[in-house]
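Enquirer: Top line first, the protein sequences correspond to chains A and B.
Everything in the first sequence is counted per the working numbering, starting at 1 for the first residue and increasing by one.
Everything in the second sequence is counted per the working numbering, starting at 1 for the first residue and increasing by one.
Keep in mind that the hints were calculated from the coordinates and are not lab data.
The beta-carbon is built from N, C-alpha and C at its ideal position, and this holds for glycine as well.
Just to be clear, a hint being listed does not mean it is correct.
To be verified - Chain A side only, calculated, beta carbon under 7 Å to chain B, not exhaustive:
| id | residue |
| --- | --- |
| 1 | I3 |
| 2 | Q5 |
| 3 | V249 |
| 4 | M279 |
| 5 | P282 |
To be verified - Computed footprint of chain A on chain B, listed as stretches where at least three residues anywhere in the stretch have a Cβ under 8 Å from a Cβ of chain A:
| id | segment |
| --- | --- |
| 6 | 67-81 |
| 7 | 85-98 |
| 8 | 206-213 |
Protein chains: 2
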Amino acid sequence: MDILQVAKRANVSTATVSRVLNGFPGVREKTVARVRRAIAEMNYVPNPNARSLRVGRTRMFGLIVSDVNNPFFPELIDAFEALAAAEGIEVIFTHTNYDPRRLHNCIRRMIERSVDAIAVMTSEVEEDSLKEAINAGIPVVLMNQRAMAGKYPNVLVEYTTGFREALEHLLALGHRDIGFIAGPQSLNSARGRKDAFTAALRDHGLHVRSEWIAIGDMRVEGGRKAMDALLARNPRPTAIVASNDLMAVGALQAAHASRVRVPRDLSIIGFDDVPIASMVHPPLSTIRHPRREVAARAFECLWKIVQGREIAVDQPLHPHLVIRNSTAPPAGAKRR
Amino acid sequence: MDILQVAKRANVSTATVSRVLNGFPGVREKTVARVRRAIAEMNYVPNPNARSLRVGRTRMFGLIVSDVNNPFFPELIDAFEALAAAEGIEVIFTHTNYDPRRLHNCIRRMIERSVDAIAVMTSEVEEDSLKEAINAGIPVVLMNQRAMAGKYPNVLVEYTTGFREALEHLLALGHRDIGFIAGPQSLNSARGRKDAFTAALRDHGLHVRSEWIAIGDMRVEGGRKAMDALLARNPRPTAIVASNDLMAVGALQAAHASRVRVPRDLSIIGFDDVPIASMVHPPLSTIRHPRREVAARAFECLWKIVQGREIAVDQPLHPHLVIRNSTAPPAGAKRR
DNA sequence: GGAATTTGTGTAATCCTTTACAGCTCTTCA
DNA sequence: TGAAGAGCTGTAAAGGATTACACAAATTCC
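Required output: the full structure, derived from the provided sequences and hints.
Expert: Structure (C-alpha cells):
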C-alpha cells in the first residue's frame with residue numbers, strides 16, 4: 001500500500017503523488033483528480049514514519065504534567081489536545097507524579113520519540129532536564145516558572161489578581177480577619193501562591209497574622225488538618241482562603257466535623273475552580289485558574305516556534321473570582 | 001548524529017552498532033563495550049522513524065476514552081500508561097466526547113499514526129469504526145461491550161456483583177424500599193447498569209417498583225433532578241442506589257436542599273468510586289469500578305496480540321462495595 | 001521563427017535503521 | 001591435516017516518503 005502503487009494506478013510518478021498529497025501547486029487539475037481517485041480507491045494512507053524520516057519532523061508534541069489524577073489537569077490537557085488536533089499535531093503526554101527528577105525521564109522519552117516540541121506544565125522544574133531537550137533542538141515552553149522567566153518561553157499566571165478579587169469580596173462582606181491555608185513552601189507553585197496572597201493582603205493595608213496561616217499538602221487530607229489547626233486559634237479568622245480547591249474541600253469537611261457552619265460561621269474561598277468545587281456542599285466560591293487559556297498560549301507559542309515565526313513577549317494571564325455559596329458576611333455583621 | 005557516526009567512532013559497522021543497540025547476542029564482549037562507549041560519548045539516540053519504517057512497528061498504542069474531564073478516566077489512563085511505559089510503549093490518546101461518530105475520526109488518526117494497537121474505552125462503540133482498524137491490521141480491545149462479545153477481545157466487568165453487594169449491605173441494615181437512579185437508556189453502559197441492578201434486586205426476591213426508578217444524565221445535575229423526582233414519591237424509598245457517583249453526588253445535594261439528612265433519613269450508594277466520592281459530605285458509600293484492572297487487562301491483551309502470543313478467554317472483573325458514611329439503617333429500624 | 005519563459009512531470013538521491021546473507025578466523029574433531 | 005562448525009563482523013538491500021534537479025512541451029515575446 002505504498003505511494004508507488006498509487007503512482008502506478010494513477011499513471012504518474014511518486015513525486016507527483018507526493019505533490020498532490022501535500023497540496024503543492026503546479027500540478028495539472030486533471031492529474032490531481034486522477035491521483036485523488038487512485039488514493040481513494042486504494043484507501044491509501046501515507047506512512048508517517050517514512051515521511052518523518054525524510055522531513056525531520058514528526059508532527060507530535062509532548063505534554064508533561066505533574067499528575068493526571070489531579071483534577072486540575074484534565075481541562076488543561078483537553079484544551080491543549082484540541083488545539084493540537086486542529087493543526088494535525090498528535091500529543092503524547094506523560095506525568096512526573098510531582099517528582100522533578102522524573103521530569104528527566106519524561107523528557108528523555110520525548111526526545112527518543114523525537115517530538116517537535118514540548119510543553120512542561122508541572123509545578124516544579126529542574127533546569128538541567130530542560131537543557132537536554134534544548135540540546136536536542138526541541139523547543140520547550142513552561143508554565144508559570146518565574147524562576148526561569150526570560151530563559152525559556154513561559155506562560156505566566158498573575159496569582160495576585162485572583163487573590164485581590166477574593167480579598168475585595170471578603171472585605172465587602174465585612175470580613176477583616178482572614179486566614180490562609182498554604183501549600184508546602186518547598187514547592188515553587190505553593191510558594192508563589194502564598195507570596196501572592198500576602199502581597200494582596202498588604203495592598204489592602206492588612207497585615208499577615210502568622211498564626212492564621214496553616215500549611216497543608218495541597219490535598220484534601222492536608223486541608224482538613226490545616227483547618228483543624230486554624231479552628232483551634234483564638235481569636236479565630238472569620239474567613240479562610242485556601243491555596244487550592246482540594247484543600248478548601250478538606251477545610252470544608254473539617255469545619256463540618258467541628259460543627260462550624262459554612263458560610264454562616266465561616267467563609268471559605270478556594271483556588272483553581274476544579275470540577276469538585278461546584279459539587280461539594282456548599283458549592284465553593286473559588287478563584288478560577290485560567291488553565292484552558294494557559295494551554296492555548298502554550299500551544300500557540302510552540303506552534304509559532306516550530307513554524308519559525310516570532311513569539312510575542314509574555315503577558316501574564318489573570319485568574320478571577322467565581323462566587324458561589326461558601327462566602328457570606330461574618331456572624332453578626334452587616335454589609336457595608 | 002546517526003548510527004554511521006557511532007560506527008566510525010567505535011570502528012565497527014552500522015550492523016554491529018545496531019546489534020548492540022538491540023541487545024542481540026553474538027557480539028564480542030569487547031566490541032559491545034567499545035560501541036557502548038561511542039554511543040555514550042556521542043549522546044546518540046536512535047531515530048525512531050527510521051527504525052519504525054524498517055521494522056514496521058512503532059511501539060505506540062492508542063487509547064480512546066469517552067471524556068478526559070470525567071473523573072472516571074484519569075485512573076484508567078494512568079494505569080494503562082504506566083504499564084505501557086514499562087514495556088517501552090508510548091501511548092497516544094484521544095477522546096470521543098461521548099459521540100460514537102467521533103470514534104471514527106479517532107481511529108483514523110491512530111491509523112494514520114500507525115499505532116501498533118488500540119484500546120477503546122468508551123461507553124458507546126459503533127462497529128463500523130472498528131472495522132477500519134482491523135482492516136489496517138491493527139488489533140483492538142474493547143471495554144465492556146457486551147454487544148460485541150466474541151467478535152473482539154473485550155474486558156468485561158460484571159456489574160451485577162457490585163449491585164448485589166450493595167443490596168446485601170442495604171438489606172442487612174434493614175432497608176426494603178430501595179430506589180435507583182439510572183442513566184439514559186440509549187447508552188449501552190447505562191442500560192447495562194440498570195439491567196444489572198434489577199437482576200440483583202430480583203435475585204433477592206425484591207420486585208422493581210418503576211416509580212422508584214428515575215433517570216438522570218450521568219452527571220451531577222441529572223442526579224439532582226432525579227433525586228428531586230424520587231423525593232416527591234409517596235411512599236418514598238429509604239435507600240437510593242445511583243448508577244454512577246456523579247449522580248449520587250447530585251442526589252446528595254438534592255437531599256440536602258430538601259433537608260433530608262443522609263444517611264439518617266436516607267441512604268445513598270454510588271457507583272465507580274471516583275475521587276469526589278470520598279470528598280463530599282458525607283463521604284459516599286460506593287461500588288468501586290475496577291478500572292485499574294480493566295486498563296491492565298486491556299493492555300496485557302494488546303501486548304500479547306502484538307507479540308503473537310495466545311490471549312486468554314475473558315473472565316469478567318468484579319466491582320466491590322466500599323462502605324463509607326452515606327449508608328445507615330432506615331429511620332426507626334434496628335439491624336437484623 | 002527562434003529564444004526565453006513557464007508549466008508540468010519524471011529521475012534518482014536521500015533520510016536512518018535493520019537484517020539477510022556472505023565471509024572471515026578460529027576451534028574442534030575424525 | 002582437512003573438513004566442519006562456531007563465533008564475529010561486514011556488505012548491501014530494503015523500507016516509503018520527499019525533493020533537488022533535469023527535462024520536455026507549451027506558451028510568450030521580440
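Enquirer: Check the structure against each numbered hint from earlier and tell me which ones fail, lowest number first.
Expert: Of the numbered hints, 1, 2, 5, 8 do not hold.
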